[in-house]
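Asks: Following the hints, complete the assembly by docking chain B onto the known chain A.
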Amino acid sequence: MIDVGLFNYWAVIVLMMVGFYTLIARGNLVKKLIGLNVFQTSVIMMYVTMGKIEGGTAPILVESGEHVVYSNPIPHVLMLTAIVVGVATLALGLSLVVRINEAYGTIEEDAIMDEAL
Amino acid sequence: MTGFVDVALLILLAVTGVAIIRQRNLFAAVMLAGIYSLVSAGLFVVMDAVDVAFTEAAVGAGISTVLMLGTLALVGYKEHKPQHTPILPMFVVLVTGGILVYGTSEMPRYGEADNPVHLHVAPHYLEESEHEIHIPNVVTSVLASYRGYDTMGETAVIFAAMVGVLLLLSRGPLPLRVFHKGQWVTLPPGARHEDPPRAGVPEEGDGDG
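Top to bottom, those sequences are chains A and B.
Read left to right, the first sequence gives residues 1 to 117 (the numbering used here).
Read left to right, the second sequence gives residues 1001 to 1209 (the numbering used here).
These aren't lab readings, by the way, just hints derived from the structure by calculation.
Predicted model only: the values in this text are computed from it and were never measured.
Watch out, some of these pointers could steer you wrong.
As the list claims (entries may be wrong) - Below, a list of computed lysine to any residue pairs in the SDA-like style, where the Cα atoms sit at most 25 Å apart: (1) B:1181 / A:102; (2) B:1081 / A:110; (3) B:1181 / A:110; (4) B:1081 / B:1019.
Claimed, not checked - Chain B stretches covered by chain A per the calculated footprint, using a threshold of three residues with CB under 8 Å from any CB of chain A: (5) 1044-1051; (6) 1084-1093; (7) 1105-1114; (8) 1119-1133; (9) 1139-1150.
Backbone N, C-alpha and C fix where the C-beta goes; we use that ideal spot for every residue, glycine too.
So that you can see chain A by itself, here it is in the shape it has in the complex (with noise of 0.2 Å):
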């Protein structure tokens, strides 16, 4: 029996496997950091599921003398850290990359262990 409850995890484990077999099937580097960063989002993707509560609104308090269900707010602020720190990092790979390129003329993962060996 498929549990419809579960079917955001199976989307965001597909994706996260879509962004691991770039990291570790493509020799490009700058592919290799666009793979990682596709599996970084996947895993905010499943906090921010984690968060969401049926019939909930986006936690911002209104002024109302009903009964208001919000969404929790924790796995929304620990992921805004999250993008932070990933774009971060993103950009220290990426003057990586810029160096690799001047040292050895090429990005791609097997020529440059050609050239080193």
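Replies: For chain B alone, kept in the frame of chain A given last:
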């Protein structure tokens, strides 16, 4: 029930991801990565994470794309054909994915209000932050006040990354070194990588430096 918009966006994301893998023009791959970030920002809005959504749209789709385009301007945008068969990576990915799917079987179901993650500190933030912090946006009060040390640590990480980037890029170009006839040879300044290293200076040592 998972909503229709949610499923549609997730399928779009999967299609974009596969397109990124198959695309060998890096410029197009970077553009697809930007689309991926934007669609995931839409998904975050559907899942009530509006703050995450606009950070992802600005930082993920904006700044990341600009950084990658700047890199491509320096390193070129052609990707070689993969040299190895994709069988081993595919096997590793399928096994890892299978284990993760098996691991989700005990996860709390999507969107239920009595999941463990909703029971501990979140109710306190939602009920008390208006009196304690006086800001209607709960994400802001948690980020800047309750978990302010987290944010300070994040700033330290960004600072460290910036120092690293500056250290890597602020030096001039490295002298080119090529492996020629059994030893490392440093090319004279101005030489290109394809030039034969006949004017080069042989280095001491066995070239592991």
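Asks: Could you run down the list of hints and mark each one as holding or not?
Replies: To see whether the hints hold, each was checked on the structure:
Straight-line distance between C-alpha atoms of residue 1181 of chain B and residue 102 of chain A comes to about 22 Å, which keeps the hinted pair within the 25 Å bound. Of the supplied pair hints, the one linking residue 1081 of chain B and residue 110 of chain A holds, its CA atoms being roughly 11 Å apart against a limit of 25 Å. The hinted pair formed by residue 1181 of chain B and residue 110 of chain A meets the criterion: a straight-line CA distance of about 20 Å does not exceed 25 Å. Pair hint residue 1081 of chain B plus residue 1019 of chain B holds up; C-alpha atoms about 15 Å apart against a cutoff of 25 Å.
For the stretch 1044-1051 of chain B, the assignment as covered by chain A holds, since 6 residues bring a beta-carbon within under 8 Å of that chain's beta-carbons and 3 suffice. Against chain A, the stretch 1084-1093 of chain B contributes 6 residues with a C-beta closer than 8 Å to a partner C-beta. That satisfies the three-residue criterion, and the hint holds. Only residues whose C-beta sits within less than 8 Å of a C-beta in chain A count toward coverage, and the stretch 1105-1114 of chain B has 8 of them, enough to reach three; the restraint holds. Residues of the stretch 1119-1133 of chain B lying with their CB closer than 8 Å to a CB of chain A number 6, which satisfies the three-residue condition for coverage.
Counting residues of the stretch 1139-1150 of chain B whose CB falls under 8 Å from any CB of chain A gives 5; the rule of at least 3 is met.
Hint check: no violations occur; every hint is consistent with the structure.
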